[in-house]
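Protein chains in written order, with our numbering: chain G, 1 to 303; chain S, 1 to 343; chain Z, 1 to 308; chain H, 1 to 357.
Honestly, I wouldn't trust all of these hints.
What the hints assert, rightly or not - To spell it out: a stretch of chain G is covered by chain H in this simulated footprint if at least three of its residues, at any positions, have a beta carbon under 8 Å from a beta carbon of chain H; those stretches are:
1. 62 to 69
2. 91 to 100
3. 133 to 139
4. 231 to 237
Said to hold, decoys possible - Derived DSS-like pairs (lysine-lysine); straight-line CA-CA distance at most 27 Å:
5. Lys136/S <-> Lys90/S
6. Lys31/S <-> Lys127/Z
7. Lys64/G <-> Lys186/G
8. Lys249/Z <-> Lys218/S
9. Lys29/S <-> Lys51/Z
10. Lys58/Z <-> Lys186/G
11. Lys58/G <-> Lys186/G
12. Lys29/S <-> Lys74/S
13. Lys218/S <-> Lys28/G
14. Lys34/G <-> Lys29/S
15. Lys74/S <-> Lys22/S
16. Lys58/Z <-> Lys218/S
17. Lys136/S <-> Lys148/S
18. Lys28/G <-> Lys127/Z
19. Lys249/Z <-> Lys284/S
20. Lys34/G <-> Lys74/S
21. Lys31/S <-> Lys34/G
22. Lys31/S <-> Lys90/S
23. Lys218/S <-> Lys90/S
24. Lys284/S <-> Lys58/Z
25. Lys22/S <-> Lys28/G
26. Lys75/H <-> Lys29/H
27. Lys215/H <-> Lys196/H
28. Lys250/Z <-> Lys186/G
29. Lys75/H <-> Lys254/G
30. Lys196/H <-> Lys264/G
Claimed, not checked - Stretches of chain S that chain H covers, calculated by requiring three or more beta carbons in the stretch to come under 8 Å of a beta carbon on chain H:
31. 95 to 109
32. 119 to 127
33. 130 to 140
In short, the hints are calculated from the structure, not lab data. Note that the Cβ used here is the ideal one computed from N, Cα and C, for glycine as well.
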Amino acid sequence: METITLSAPKHIWNSISNLIRSLWITLKLMTYNKVGFLGFLLVVALILFSTVGPYFVKLDTTVKVDQIYMTPSAQHWLGTDHQGRDVFSQIVHGGYEVLEVGLTAATIAVVIAVTFGVLAAFVGSWVDDTILAITDFIIAVPQFAFLTVLAAIIHINSMLLLAAILGLLNWPALLRTIRAQALSLKEREFVEAARALDLGTPHIIFREIVPNMMSYIVISFSLATTYAIYQQVGLILLGLVPFSGNNWGVMLSKAWVRGAIFYKGSFWYIMSPVIAIALLQLAIVTTNRSIEQVYNPRLRTDM
Amino acid sequence: MTTPANYQDYVATHEQAALRLKDISINYKAKRGIVHAVRNISLHLNAGESLALIGESGSGKSTLALGIVRLLVKSAEISSGKVIYQRDGKTMEVLSLQGDALRRFRWAETAMVFQAALNAFNPVLRIWQQIWDTAKAHGWRDKKAVRKKAMELLDLVQLDAERVIDLYPHELSGGMRQRVLIALALMLDPQVIILDEPTTALDILTQRTIINLLRDLKAARNFTMLFISHNLAIAAELANRIATMYAGTIVEIGPTDEIFYHPRHPYTLGLIRAVPTVTGGFEKLESIPGSPPDLIDLPTGCKFHPRCAFATERCRLEEPVLEKIDEDHYAACWHWRSVNPKL
Amino acid sequence: MITAVDSVSISIMPGDIVCLVGESGCGKSTMGYMIAGLLPASDGQVLFKGKDISQMNKEEYRHYRHNVQIVHQDPYASLNPTQLVEQMLMTPLLHHRRVKNRAEARAKAAELLHIVGLTPPADFLVKYPHQLSGGQRQRVSVARALTLEPSFIVADEAVSMVDVSLRVSILSMLTHLREIFHVTFLFITHDLALAKYFAWEEGRIIVMYLGRVVEEGPTQRVIQNPRHPYTQALLYAVPEADPEIARTKKHIELREADIPSLLNLPSGCSFHPRCPFFQPGVCDVSVPELVPAEGGGRVACPVLNKAP
Amino acid sequence: MGESTVSQVPINKIRRRWKVISHDYILRKFIRSLFIVWAAITATFVLIHMMPSNPIELYVNQLVMQQGITYEEAKDQAATLFSIDLKKPMSLQYIEFLQKVIKGDFGTSVLSPGTPVADIIKEYLPWTVFSIGTGLLISFTLGILLGMLAAYRRDTVVDQLLTLYASIFSAVPNYLVAIIILVLFGVQWGVMPIAKLRGVLSPGVKPALSWVFVKDALFHGSFPIIVIVLTWTASWLLIMRSSTWSTLEEDYVNVARAKGLTDGRIMTAYVGRNATLPLFARFALAIGLIVGGSVLIEQITQYRGVGYTLLQAVNRRDYSLMQGIFLILTFSVIFANFFADLLYGWIDPRIKVGNNK
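All chains should be modelled from the sequences, with the hints used to inform the complete structure.
What follows is the structure in structure tokens.
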């Protein structure tokens, strides 16, 4: 008993310090690509901005008819909208949903792509053929047109439903990449050695194959996030998903519907969500440049 | 006539050589530092002779060959030296050739048959198209004449010319592709042909076909051959002279029989002792201990000393230069007198 | 349809050294994979200790799988780039409960590294494959194959990608393993000189051509007195690292330089279109049987191995 | 391990399956396209006719509510609109639906009763095909050229500028690019005649083989085309840049240099042709995204193509029109893919033989 109580904290401390060390190395590796690291910092900043920000900035909901379409000032950093409300506060509160839908949809898409991609590569024969046929079919459907029609038939009235639909729609391109990777890795000699050593399929998939395609999986995840944000904001912009809350897409949609776009004075109002979304997409895509560095064992040990 | 004691003088005396390399050094820039791939190599190649450059992976032999035809990757730089090419009294300084002059030098004067013949052909063009491209680039305009000559050459390398010439590369086996490439190398009647690992990755029977083919072609057409291999056996079959390379420089050079039967550099000796033969009874073999050096962080003194049984304090401090051992035979070793293959 | 291995029948006794020789595409690697249980034999059987592996129950098959290991050709592809050497060696030990705990597994891994000549082991345990040279990686491959203490190792071109100067040391390491662990070796190679060197004393050579065994016998007999025209062609074709031998060695002129496609196998003896001893009406009619050859072993050539 | 024996007893013919169909590349791709067309029609049928609260039922209920007619009468009206006999069993309905779609009969519009959906599509589709086709052609060409330029000038200012442009425009959603153009050039600086640009043709201009018509069509199409070109050139450029890098490292390019070929010949026939192959592989994905995205682009640019019409149909709940446009868009994507596959097969002789994976 005594040995256990003595060694347990030490063990935990070891794992914590290992974790910190590996996180530190990961961060350091990301700095190898400066542009990529900048993107990563921006992603982190935008996430913090949208999650923590709302606790510090109160959402301005009072209509002030005398203060519409104001240009930026010390009081209103990004001016005001068509009802005289502060744009900056809307931007602070509007990122959370965009990120939430994007990340949820990406998680669903990547889970499907990895599971079925690896399955297709491993089982082969008719399973592979079926999965590929479905993939080919979904890729051939013009996605955004499909979403438009779908929005007319079913009412997409919750964030979760939207995220689920986008996730269920966005996996095929990722699946192809993952499957191709898994197929080539499966034939590698080190996988054959693991089979000869009878280490079992779970070991082969999770210890031999997946670690070697982590960079593809993570990049797939970030691509899936950007797809989902593109589609989500697009649908909201067209007024196809009736959201009322605060969301960069909703801000954009309102500005579009109200014709604020065509009014010279509304420049800041319209450009704020545009820039916010564009910056987020750009930051995510740029981060990919650093991701490859993290999963390259060659670099990891040269530290 | 005896050969000079100094190797540089020895190379210099061969004024009529088809190819003369003077003090060539080639460096690569890598993340960790500078890779000294080729260090101060001087070499001559007489017209009509066949010289083998032997060395293991990382010895700089391929880099040297690519340097001669100026096909090094961008990160590599020829930091010093001269390459002098001569044919029928005309002299060219290869390293100062530019633009079209360089382009015409390639293949028409010096053709290079690459190691990975499997990928030597553009996968989307038929063999004929690639032959015609080559001829056209060197001023041929008569399609019929080119095709006729190409067919003759394909015949010469024992291929079914009629069929092969209109195929895509992926429709040919590795051995067939290698032979097409050799035929293509002869297309413009170059004086020098450089062969980089011409038989590696081929099957034994195909290797034999290629070796016999090269020997016969050389006898019939009298070109000059520089070939590069890690395989001593190919050198024994094809070369008049052999140069052994280690860590980017020549450590021993001499006539084939001298190198095989009286090697004076411990590395050459080690290589010979490490290769089994099929003919004859069982012989005891020995491998060279240790592993090839890191070209970025080279050992001091003689680069072979960490793996050498003869190494002394002097070897650790001073790098030996090529020293005359016998007629046409030079070795870079402080202890060549103690290196005796009979032991 | 491709037939990679056609009606091959060989048996290997414990402690044997058998070299399977042939050119690429002859089916020798397919054979190795079937024996190592990595490919199923679609027809016919692999017997281990007299028992058909496809008829084995789970426990027997497990025992068989653990007893037969493989060492691959390419030292750059055969090690997982994301794993440390110690992970590669410790995982099989822990997974199959050959050791009690991680400490014991680590000790065993160090011992294995010592056996394959990577000393001091502590230097190599915490290395990634890319930090090792080709020769060192190949040694790690061998150490990994030894983790489950197999009785049979298939070495598939195990030294053909290693630098010439290091090949012999890896071969001697393998020979040494046979002495200390009594491992049976199936050494697959295209290089007769290596086969000769590895199996000279008490080994056997099996020569395959286009999916069939054409000759087999004790190494010394096959090397010094090859009976099949293909074996002869192979032997005489091997380039020799000795100028004198290269000049004087006899050569066999083949009738056809290129190997036929596996998709379109010649009738009868598949070597007949290239064979200099081809006899029409004999060689191209039926597939020759393997019959006992003078001096030991068997050979499948009705022309050169005529009954006296 | 006394009597351990591993033996190979007669192994008759280890057979690897060799698919015969996979030999003819074009046939294979054609069958695949047909299959996807069938799957798309079937999926549409399921979505429109069989899902709970499907559009037909919604429409029938709407008729009952608004016009006070009986359920049966409403059903009859709906049946003519969707050109489907709702009384027949579902399997028969499905077969009839298939037949009609293949004949190009998509029923009649809900909103303008009597107008066949096919006629509406005929009116608007050509404009979308024109703008997307032109945009795709220009962006593909520019992407290839600029991608090669960036790769050849690796790590120079030219490369960095092109990569900067491509990174931004491939990441930022195309409709945001359209909005930015609109706000900056149209509203703030007033250099873009927004009002005049609307629609596909100016009032009074009729489709004819005249310079006036072509000029006007290009003028109105310019906004969506510019948006497509700006964003898609960026994507093609990035793919081309990296595939050119890897092609430049291929042995055959080095051999071509060793053979003394001219730089122009190497760049086109050796590097260019091989480096474009990955672009064709990505084409399937791209065309789906572009065609789907036309809904957004045409809305922002107020270009009255079929995407614009689809959104209107959705907003007005004109289900038969929606169904028709969606199917047509899907068929266009499938057709474009088939065409790209043919081109791919023509450029790369290797894929015509062997297996398809």
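Taking the earlier hints as the rules, which of them does this structure contradict? Violated hints: 1, 2, 7, 9, 11, 13, 16, 22, 24, 25, 26, 28, 29; rest satisfied.
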